[in-house]
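Each chain, written out:
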Amino acid sequence: MIGEGIQSTNQRKHSYVQDRVEVGFFTDPSVCIGCKACEVACKEWNQVPDDGFTWSGNSYDNTGHLGASTWRHVMFLEQDRAKGDQIAGPMSLDEDPFRWVFLSDVCKHCEEAGCLEACPTGSIVRTEVGSVLVQNDVCNGCGYCVVSCPFGVIDRRPEPLHDAGGAFKCTFCYDRQKSGLVPACAKVCPTESIVFGRLDDLRARGAERVRQLQQSGYNDAQLYDPTETSVRGIHAFFLILGEPEAYGLPPKPQIPTIYLKSAWTSAFTTAVASIIATLVAFAFFS
Amino acid sequence: MTINSPSEKRLEELREQAWKDGVVPGKGVDVAGGPIPRKPGYYGQPVVKPPVWTWEIPLYFFFGGMAGMSPVIASGAIIFHHLDLARTAMWIAAVAGAVLSPILLIMDLGRPHLFLNMLRVFKHQSAMSMGAWILSAFGACVVPGLIALELHGHQIFPGTLDQLLRAAAGVFIFGSAIFGTLLATYTGVLIGATAIPAWFLHRTLLPIHFGTAGLGSAAALLELLGHRIPTLNFLGFYVAGVETALLIWLSIDKHGAADRAIHEHGTGWLIRIGEILNGPLALVLRFFSLVPFAAISFLIGSLVSRVGWIAVGKVSGSDPESVFAAESY
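Respectively, the protein sequence lines represent chains X and B.
In this text, residue positions in the first sequence follow the numbering used here: the first is 1, and each later residue adds one.
In this text, residue positions in the second sequence follow the numbering used here: the first is 1, and each later residue adds one.
Think of the hints as simulated: they come from the structure by calculation, not from any bench.
Where a beta carbon is used, it is the ideal one built from N, C-alpha and C, also for glycine.
Treat the hints with care, since some could be wrong.
Unchecked claim - Per the computed footprint, the stretches of chain B lying under chain X, defined by three or more beta-carbons under 8 Å from a beta-carbon of chain X, are:
no., region
1, 12-21
2, 63-74
3, 108-119
4, 126-133
5, 196-209
6, 219-233
7, 310-321
What the hints assert, rightly or not - Computed list of chain X residues with no C-beta within reach of chain B, every gap over 10 Å:
no., residue
8, Cys35
9, Asn46
10, Tyr174
11, Pro190
12, Arg232
Said to hold, decoys possible - Derived pair list, reagent style DSS-like, types lysine-lysine, alpha-carbon separation capped at 30 Å:
no., chain 1, residue 1, chain 2, residue 2
13, X, Lys178, B, Lys123
14, B, Lys20, B, Lys39
15, X, Lys261, B, Lys314
The shape of chain B in the complex, shown without the other chains (with noise of 0.2 Å):
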């Protein structure tokens, strides 16, 4: 059999369509002499698994990220005395922190019903474990806290019994503070700590950026909802001014075919939009003072830049030859 024969063609086309398709529909022919083809690993199988999560889980490091840095700013707000910008920023580590982050973290559950097994161990070593637990925290001080500052803030009850309950409000408050921090960057750490080549590259900017883009998002929406103070704007600048060298630090610090899922791929530029809005158009937009354009550009920014890390996952656990070029990192 020459190189030149029907069959020949016909194989390296079947090959090329196998690639392609991942299927070969037609009838083939016998392999003698043939080209053997090339594809990095095994057969361009690959060799970790990309992630498995939905659009669930974006969202919930979104609205958990919110969450979470909402009561740190209702902390800043209650020590230095500003009752109505507390109440607002408990409501929203609420409704995000105890509700939607719960209910999109079991939405993606395989097996839903079974969400109460996460409470069955502790395990320092597992950064899901904790955060079940950071959750869990943060909902039990964020509950008591919103309804102790709402009873207080509403003058339910007279005398004594308003003077403790100011303080269960803060101590609750404070603590959700505490747990809320860990919320925002723990998730960071989840997919920093896997063996997906552009996550665990990207371990130490991954919890910097998610409690950043919490923080400012935090802030973001307090605007949006009327807050319009110095204070708020102040966080504005420097959450915008921490992502923007984030962004810098995401472009200059490539890793080659490890994290070319970032660099060269699609949804790398799911990141860097989301970074964009993020940093250095929110940075504009405030520095003009456009402050709502700049907070619906940071709350979009860290929306699609979470879309992106997850899909971003997806592509580079897909790809055998970033597995194998991060390891000589």
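Isolated chain X, as found in the complex (with noise of 0.2 Å):
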């Protein structure tokens, strides 16, 4: 299988989870529209419930956040000129600070995975394609991986739902993936703000991206993708305008496996110093 560069492959038939290549997500907040239309291709597919009927008040999102019955979540962000310099549109600075961007978040699908690593039922599973899937029917719900994502993206899905217990976050749509198709959120992505394909050529096309939007003033775009870290890169990355806090995005984020050998060098500590406390009481305070 050849790369297809930056073509656009979110509307064509592929083979990627027969061929084992690994894809990804590039959302691209610069040609997102706001349009919500990928939440509601989400919920449609994967027939999630709804996550509340309230308005926030915060600019055009009353979603909130990604969570167990939210697996895309289209960000409204209203920027002044402290954000950045550059607005978009033709008006100057003095005339308009205002800037406006949306961002569709969803499950990062990390080269290592915190959910995953902290899955005590093995439910959490990496699929052919690279993605981070939870099996619905092994997961019983013990709530650790809502506590290891360092990105906040699963969760559990609250009562009375019929076996609503379990955690639940985006599958990549590998349902959809295993028959050849793209993920609903990229297939009706109108503008291909979401781009589906594969990993190496949808990088490349980021950091394209990064270098155009550049040229044409945008000097704050940046690539949203945490390499240096111990998530080691995320498959599903981002173009960011700003900084990463703004969109809620930890600048540096960590797989929680890191802080285990501290933690169980202190429990092992603990559990010697306890034993030879209880022998000393014995032998010497009988």
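Each chain sits in its own coordinate frame; assemble them with the hints.
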């Protein structure tokens, strides 16, 4: 299988699962129009329940954040000049410092996934295409993946839905991919703000897009793909305008397993100290 | 539109209300020229997910810790010929560790009927998986250990068979002690190796606290059940001393915004009150020979501080600034 370069791969049948090709999402806010079609398509295809019917007051975002029933989430950022020195459109800075950014957030499908390592049932697995999948019939809802995700993506679905107790998140439309179909969100995205394809192609495409934007004056355009941290990169990466914090993205996410060594050392030391203290107590204070 | 126009004022009100309540019930106004609201991160939304665990988990930490350390005392009692003490300790281990702990754990699962799925895989990199295996191994040692000990204690069988039972009881009780120390301490690793800032920043302190509180509450309960011996009193001094040191460590080892859930939020007081009951207060009470009061103080303290650590995790996980600040540690 040859790479598709920067050609569109969103509407075409593929055999990535059979060929075991690493795939990804590249999400580009500079062409997102905030239509939320990805959110709707995701809910329809995966039959995800509603995530509440409240008005948040946060721009046009009434979804809030990713969760058990929110696998795509379109963010609406209202930024003034403090958040960047360029604006969309022809106006000068003095006229209108306001910038509106839309970004469709999704499970990052980490190279080193905190949820996958934490899962005590083996319910969370790595698929042939490199995505991270929760096997719904195996998950017993222990909730440990929830606190192990450095991006706050996966969550336990609250009762009283039928059989709701398990952990849920984006499946990367693994069922569609097995049949050669593109994930529902990328399929419907009208501007190709969400691009689905081979990971190496997407990385090249992302780098090219950042270069283009910077040439056009968007000096704060950058890729969000934490390859330098213990997460070692993400399969669903983003182009962002401004700082990652403004998108609720941790600048340096870490997989919690890096904390295990010091914690277990402390646990073993405590175990030994407790045994010694008890033996001393019996030997000298009987 | 000027800054002081009525619609601007209305917009400000709506925004204030939105931050406060999370929803805006009223009719909005045009945003043109309006102030852009400032909240940390993305509209103050959590960056990591706070734990979904409810009251069962701190209670499990409490009983699991007590159960885990009881066979350590029982082993000492066997070696130094305190058969009665060993039997009471093993009963505590069995009731708290092989009955209450699994029930609490299973109750907390989102799908309790699938609890056996915990034993599908063995993953050393998952503290939850290790915990499931440690608890299972602990139960598999405690129950036969207790049965053998009771059969031996009541001299049910004669001669050689009784000698065999005695040996079996010893082996199972030592086994329980080994898995028990892990049962009491792994819970600290469990919450220490997560993405919650207030927890992972204290991943060294947590296993020491949970393990020591487990040993102390086992000794305290044994004292309350009538075993008023110098051995347990010494253990009481030891654990209260360690907890006092941990209280001082926790008060000094601050990480600014990263663990402000502990030092600035109300739930942090649960940890501190728990640690005061565990540490200084228990120490002083024991110093004045008020042993039962020291024991009760320690038991309440170790329960309250466990509740506190879970509560603090919820606050810390919901605070985006804590997550950003924790990245510099």
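Verification of the hints:
1. 12-21: holds (count 5)
2. 63-74: This one holds; 3 residues, not fewer than the three required, reach chain X with a Cβ under 8 Å.
3. 108-119: It holds, with 9 qualifying residues against the three required.
4. 126-133: holds (count 6)
5. 196-209: With 9 residues close enough to chain X, the hint holds.
6. 219-233: holds (count 5)
7. 310-321: holds (count 3)
8. Cys35: 19 Å, holds
9. Asn46: Consistent with the label, Asn46 (chain X) stays out of reach of chain B, its closest Cβ about 19 Å off (over 10 Å).
10. Tyr174: The claim stands: Tyr174 (chain X) keeps its Cβ more than 10 Å from every Cβ of chain B (closest is about 20 Å).
11. Pro190: Holds: least Cβ distance 24 Å, greater than 10 Å.
12. Arg232: 15 Å, holds
13. X:Lys178 with B:Lys123: 28 Å, holds
14. B:Lys20 with B:Lys39: Distance ~12 Å between Lys20 (chain B) and Lys39 (chain B) Cα, so the pair holds.
15. X:Lys261 with B:Lys314: At roughly 24 Å apart (the allowed maximum being 30 Å), Lys314 (chain B) and Lys261 (chain X) satisfy the hint.
Checked against the numbered hints above, the structure breaks none of them.
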